[in-house]
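*Asks:* Just need the whole structure built from these sequences, with the hints factored in.
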Amino acid sequence: MPAFSFSAGCGRASTTARLSPVATQRTNVYLIGPMGSGKTAVGKRLAALLDKQFLDSDAEIERRCGVDIPYIFEKEGEARFRERERDVIAALTALDGVVVATGGGAVLDPKNRERLAATGTVVYLEATVDAQLKRTQSSRNRPLLDGGDPRAILERLMSIRRPLYESLADIRIETTGRQVGAVASDVRAALDASG
Numbered sequence: 029m030p031a032f033s034f035s036a037g038c039g040r041a042s043t044t045a046r047l048s049p050v051a052t053q054r055t056n057v058y059l060i061g062p063m064g065s066g067k068t069a070v071g072k073r074l075a076a077l078l079d080k081q082f083l084d085s086d087a088e089i090e091r092r093c094g095v096d097i098p099y100i101f102e103k104e105g106e107a108r109f110r111e112r113e114r115d116v117i118a119a120l121t122a123l124d125g126v127v128v129a130t131g132g133g134a135v136l137d138p139k140n141r142e143r144l145a146a147t148g149t150v151v152y153l154e155a156t157v158d159a160q161l162k163r164t165q166s167s168r169n170r171p172l173l174d175g176g177d178p179r180a181i182l183e184r185l186m187s188i189r190r191p192l193y194e195s196l197a198d199i200r201i202e203t204t205g206r207q208v209g210a211v212a213s214d215v216r217a218a219l220d221a222s223g
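Take any residue in the sequence shown, count from 1 to its spot, add 28: that is its number in this note's numbering.
There may be inaccurate statements among the hints.
[Claimed, not checked] In silico lysine-lysine, BS3-like type, Cα no more than 27 Å apart, as pairs:
{"#": "1", "residue 1": "K139", "residue 2": "K72"}
{"#": "2", "residue 1": "K139", "residue 2": "K80"}
{"#": "3", "residue 1": "K72", "residue 2": "K162"}
Think of the hints as simulated: they come from the structure by calculation, not from any bench.
*Replies:* Shown next as structure tokens:
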């Protein structure tokens, strides 16, 4: 089967994951949760444990566009970023045998939620606002935290997104105060127990 490649958004990108011959197989694992919950770090470790390819939807957007997320937000706004994110989620959910870290706001789009639920196991990595603040304080790659009180922004985002994370999740894992390896091991154990 040929490697999957797609072209949309800012530029051409490709990956070595394979197209799924049966769209209903749920071999993919999707990590959802707020910024600072550890989706990328846990996803990399989990992919190694599961012997799957790791992909990050935000990194894929940056690779396609050749610029970072804050630049996209600045030049095109959040609405256009969400369109790009929808295109990337569509492409990544067409793959088989991958672990995908989604952006914290990917769940806002009903099409994203539908695709994630239909094509893989969705794991909600939970984190308190205090943990998010600690983990994101030195990051310059969080455009939603610019221009305001980070705690208030994170609390507002969680009030909107938490119900979406919870309703979409097949598995929920708390990450606050925990090491990446322990969280990844718990996700693997939960995946093994569920199927």
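*Asks:* Confirm or reject each hint.
*Replies:* Here's how the hints hold up against the structure:
1. Proposed proximity of K139 and K72 is supported: the alpha carbons are some 25 Å apart, at most 27 Å.
2. Distance check on the hinted pair: K139 and K80 sit about 24 Å apart at the alpha-carbon level, within 27 Å; holds.
3. The suggested pairing of K72 with K162 holds, with an alpha-carbon distance near 21 Å, which does not exceed 27 Å.
The structure is consistent with each of the numbered hints, conforming to all of them.
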